[in-house]
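Now for the letters of each chain:
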Amino acid sequence: MAWLETEVLIVGGGVLGTAVARELSRYRVDVALVEKEVDFGWGSTKANMCIVCQGADALEFRPEYRRSRLVWDSVPLMEPLCRELDVPFRRIGELTLIRNSEEMAKYQKLKGRAEKVGFDRLRFIGRDELFEMEPHLNRNVVGALYNPDIAVVDPVRLAIALAENARENGVKTFLETEVEGITSKGEEFEVQTTQGLVKSRFIVNAAGLQVDRVARFLGADDFVLYPVKGYIGVLDKNVGELVRHEIHMRPEAPGQMNILCPSVYGNPFFGIVMCLARKGDNSITRRMMDIALVNLRKILPEVSEREVIHSFAGFMMFRNWELGWHECVVQPSRKVPRFINVCIGYPGVSAAPATAKEVVRLLEQEGLKLEENPHFNPSRKAPPVFSELPESEQEELIRKEPRYGHVICRCETVTEAEVIEAIRRGATTLDGVKFRTRAGMGRCQGGYCTPRVVKILARELGISEKEVTKKGKGSPVLLYRSKELLSGADT
Amino acid sequence: MKEERIICIGCPMGCRVTLEVDERGEVVGFKGNRCKEGKEYVLEEYRNPVRVLTTTLPVEGGGTLPVRTDRPIPKGKMREGVRALAKLRVRPPVSLGDVILEDLLGTGANVVATAALRERR
Amino acid sequence: MAQTLEVDVAVIGAGPAGMAAAARAKEAGASRVLLIERQEQLGGLLHQCIHNGFGLFYFGEDLTGPEYAHRFAERVMDLGVEVMLETMVTRLSPEREITAVSKEGVFRIRAKSVVLAMGCRERTRDQVQIPGSRPAGIFTAGTAQRMVNVEGLLPGRRIVILGSGDVGMIMARRLLLEGAEVLAVVEILPYVGGLIRNEVQCLHDFQVPLFLEHTVTKVHGERRVEAVTIARVDRSTREPLPGTERTIECDTLLLSVGLIPENELSRMAGVLLDPLTGGAVVDESRQSSVPGIFAGGNVLHVHDLVDNVSSEAEIAGEGAARFAQGIEEGGEGIAIRPGEGIRYVVPQRIRGRQPVTLYLRVKDMAEGVRVRVGDIWERKFRVVKPSEMLKVELSTDELSRIEGRELLVELER
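Protein chains in written order, with our numbering: chain R, 1 to 491; chain D, 492 to 612; chain F, 613 to 1025.
Quick caveat, the hints were computed from the structure, so don't treat them as lab data.
Among the hints, a few may not be true.
[Said to hold, decoys possible] Partial chain F-side listing against chain R, Cβ under 8 Å, derived:
| hint | residue |
| --- | --- |
| 1 | 698 |
| 2 | 760 |
| 3 | 768 |
| 4 | 834 |
| 5 | 838 |
| 6 | 938 |
None of these values were measured; they are calculated from a predicted model.
Positions of the beta carbon are idealized from the N, C-alpha and C atoms, including for glycine.
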């Protein structure tokens, strides 16, 4: 007896998996999505610079890369998608700094290639215009290549919104459900998960860091992936007032990118310092922090390390690392029918909209019957974000629900009602609340709000405070009650 | 003849004072202090080191009540003191200064509330 | 429509600074004084400071934090100060218009003068660049203090504390008395960061292993802290020395690595901040660069004794009350600057008509030094430490001897 039977099983609830789920929900198909973490988007989706790009730097507008096509096809889709799903999208533009004639020549070539594939909005700007656009920039530059179309999003909120919309349109989603084995049984797969057995005709393997492992369960292992870890730092919102566009400078050494980018909320991100790493080792080293800061100061000389409020490491799964930027894997397995591998590597967020459509096309190719879902509703409404509302709407909200007037995160002005709403919509952990409301993402990094969020989680979930975790099993926040260590017989 | 080392906390100097003590525990030698107030503190600290004990007690229904000993108790009884309090539960209402436990470990110090607790609504 | 209020003096924050400022503002003649607090009760952080050592100077008694808070809360209520609790100030304009949010709605408060008393926040992990993983079990010491003392929950049982500031040492004792093990207090400087009293009564009393000139170089554990690596640091560069690492298995890392005055609202109001203190540039009545906006307590500069927080905030409260009543303060400005060996001086400018107390901190620990204030004041000190604030009281007579527009405060060995 199977715990679940479905037509399409999506493994992985990051931005790619949830985008596929939502795309499939346009059709009358039985879809289930399983995600091993306690919330959506906790793999590579949450650990990047949130940039929606056109693939200029990595892919250099080369049409021969399949990944380029997926990114370009996504470009016109991302903003409308974000509007439909009521998630942030902020067009900030990108400035690629030029320091000398060698760089100038390189970017001339890039602009040429862009124009060849239809991107004609890149333009060169000189020093004067550049410093007017970015008055705090290091003066050590001669100009920049300007791309007005680059944008930033909140990838985790996007993944959550995609999942919510997919669910509304009939997809079943399961968190804390990890795939432990897959066998092929004729016309269907039997998938062992931590929740039970799933039977499915098709599998979409969008498991991010584990995409090769999931494929290997079946011997559908057609590719070799190298985990590349990248350090990214987050700066205080005060630094956000010093930069308006994404700023990109050619790095000094391989294994680095030098990017400074505002986020949708105002904290700029900087990075990325990369190294090959063991999967699951998200630790950052002093060396990575130091290099990233040195690089940052080449763009914005006035930043001190005291203005770094948070650091993290994200993983990119690159194929054939030593041969340079390379193809992604969005294709049916060559060995196993009805099994689609989805791995972009970089830039996953940017490529998600078109990749989702491509995966649906591939599923159809593999035999999935697609009949339109007449009840498909593309719109999803986000929960209210108190701090972004005009005063009259804030008043209105508080009148209806007074806990919108109880601010529990000072730095980001997040209210108790928003935390409760996040929990009602699926947050069960401190980090879950953090990614859905921003409580804990401000300059005090949870110093004020953590005790309050723990209390609210315990109350709303009907659990004791000791059971509240930071990010799921094995990560409890508070281990003992006061006096518990003294009451034992051995003390 | 033994040596006892005590840090004076009278001022930021933090003089490291060495006491020479005979078999009966009497102080026979004294060196390291730089003022006479410090000497008095150190002698008292040697003869009778005492500390105010502060802790919290769980309140029935949730929350904590901060408490203190109303006078300092021997330094050596601090850990035993908290253990003696470990099983207590407090029920509101409580007024500031209410005695929660009399004569902690026979020291003569009472454990009193340092905050008020309203009746549970 | 936001509810509007017009008050004479609005005080933001009802901790030891805010309560003192509001009480004194009332005593100094302001008629409508409003005290705005984000927590559910008056007292601010005093409620989580259940230990004693408060009020030794202000009251001549050895009180715990809650007891100290009670004295001021009574005074505030007896004086008829209006109080808004569970109310968060979200905006402050240079024209002294406050936007505040509570369960009762959005409020617009127009004040004739404002006292900033928002206190401090704690320095965080990434601001001190601690490498490693990001598991559960890392807390700043103050947040842990709230968990233990207010929520009744312990962060863990095998604790390592980075930083020997007062909060860290107090938490070491607190957790030990709860039955936890404090495996190490790790301090980057060659001496303890907080008061001697705490070093003795929190660390020595309990034989806590103290690692001076060390720092944490890595956190281990993916889900929950499993260990930290510490290493000795170079005396001059304070960088970790390779080969000196040792790993301590633990389940909790507490950070007591510094306090930062919480000046978001001040910035919004255009208040000029002093990079040396992290707080506003003020004159002796604690008025900032924006007329009618005053500041006192930890939001102005980080104090070590709550008694001084209250005394200073009273100066600000009095100044705010006088401003609200339209009392003009005359006098030219004299700038007070920190010179050799001095980290900062508050106030940063004075009019020099009234006796004034200068609050200052030195840059490094030193023995047998002389502190000089221009040509008008000097005194020998047996020992000075960055962690113990010095007070210099200048009389009208001394002030009358000031020549020129600047006073330099210096340390002489």
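Right, here's what the structure says about each hint:
no.	hint	in the structure
1	698	holds (6 Å)
2	760	holds (6 Å)
3	768	holds (5 Å)
4	834	holds (7 Å)
5	838	violated (11 Å)
6	938	violated (31 Å)
Checked against the numbered hints listed earlier, the structure breaks hints 5, 6; every other hint is satisfied.
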